[in-house]
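*Asks:* All chains should be built: construct the whole structure from the sequences, respecting the hints.
Protein chains: 2
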Amino acid sequence: MSDTAMSHPTKAVVTVTLKNGVLDPQGKAVGHALQTLGFSGVGEVRIGRVIELELAETDPERARQTAEDMARKLLANTVIESFRVEIKS
Amino acid sequence: MSDTAMSHPTKAVVTVTLKNGVLDPQGKAVGHALQTLGFSGVGEVRIGRVIELELAETDPERARQTAEDMARKLLANTVIESFRVEIKS
Numbered sequence: 023m024s025d026t027a028m029s030h031p032t033k034a035v036v037t038v039t040l041k042n043g044v045l046d047p048q049g050k051a052v053g054h055a056l057q058t059l060g061f062s063g064v065g066e067v068r069i070g071r072v073i074e075l076e077l078a079e080t081d082p083e084r085a086r087q088t089a090e091d092m093a094r095k096l097l098a099n100t101v102i103e104s105f106r107v108e109i110k111s
Numbered sequence: 023m024s025d026t027a028m029s030h031p032t033k034a035v036v037t038v039t040l041k042n043g044v045l046d047p048q049g050k051a052v053g054h055a056l057q058t059l060g061f062s063g064v065g066e067v068r069i070g071r072v073i074e075l076e077l078a079e080t081d082p083e084r085a086r087q088t089a090e091d092m093a094r095k096l097l098a099n100t101v102i103e104s105f106r107v108e109i110k111s
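Protein sequences, first through last, are from chains L and X. Its first residue numbered 23, the first sequence is counted upward by one per residue in our numbering. Its first residue numbered 23, the second sequence is counted upward by one per residue in our numbering.
Calculated from the structure, these hints are not laboratory results. Zero decoy hints are in this set.
The list treats identical chains as interchangeable, and a pair is accepted whether it falls inside one copy or across any two copies.
DSS-like mimics (lysine-lysine), calculated; alpha carbons at most 25 Å apart, straight line:
| # | residue 1 | residue 2 |
| --- | --- | --- |
| 1 | K95 | K110 |
| 2 | K110 | K33 |
| 3 | K95 | K33 |
| 4 | K50 | K95 |
| 5 | K41 | K95 |
| 6 | K50 | K110 |
| 7 | K33 | K50 |
*Replies:* Written as structure tokens, this is what we have:
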């Protein structure tokens, strides 16, 4: 759907992060790089994704359910990742 | 610094997103994939990164400045990306 068709889109923000206990090599690499750059006092680093979606759905609750459905079907690998959805009008 | 040395780490969450106007091919691909999966009413999709950091720094304001410094030096490409920092005790 083109942007023009969406006069007042609902904005959904889906944050996807690795589940606790799942190894995060990318996070480890960033942690080491930060220490190499001279930052001390850096503990665990975890990297995730944030997906900002414009939805034509204007009802916040239905928009939330749609975004959760999108997360389960595509945006997150629910075997190793968890997600949370925020709806912004 | 090992996790044990951090009894009460401060958690900083750095969210990195593309600046407005910067093309997001990944977002476009996700948008098409969502439509292919049968989701209608999907407008613009933007993908970003979220970096969760454990910092030994206990003062929230100094932790914020450190995280911002990390973002400018490593976590974000400030030419095409913007970032925001949230401090969680």
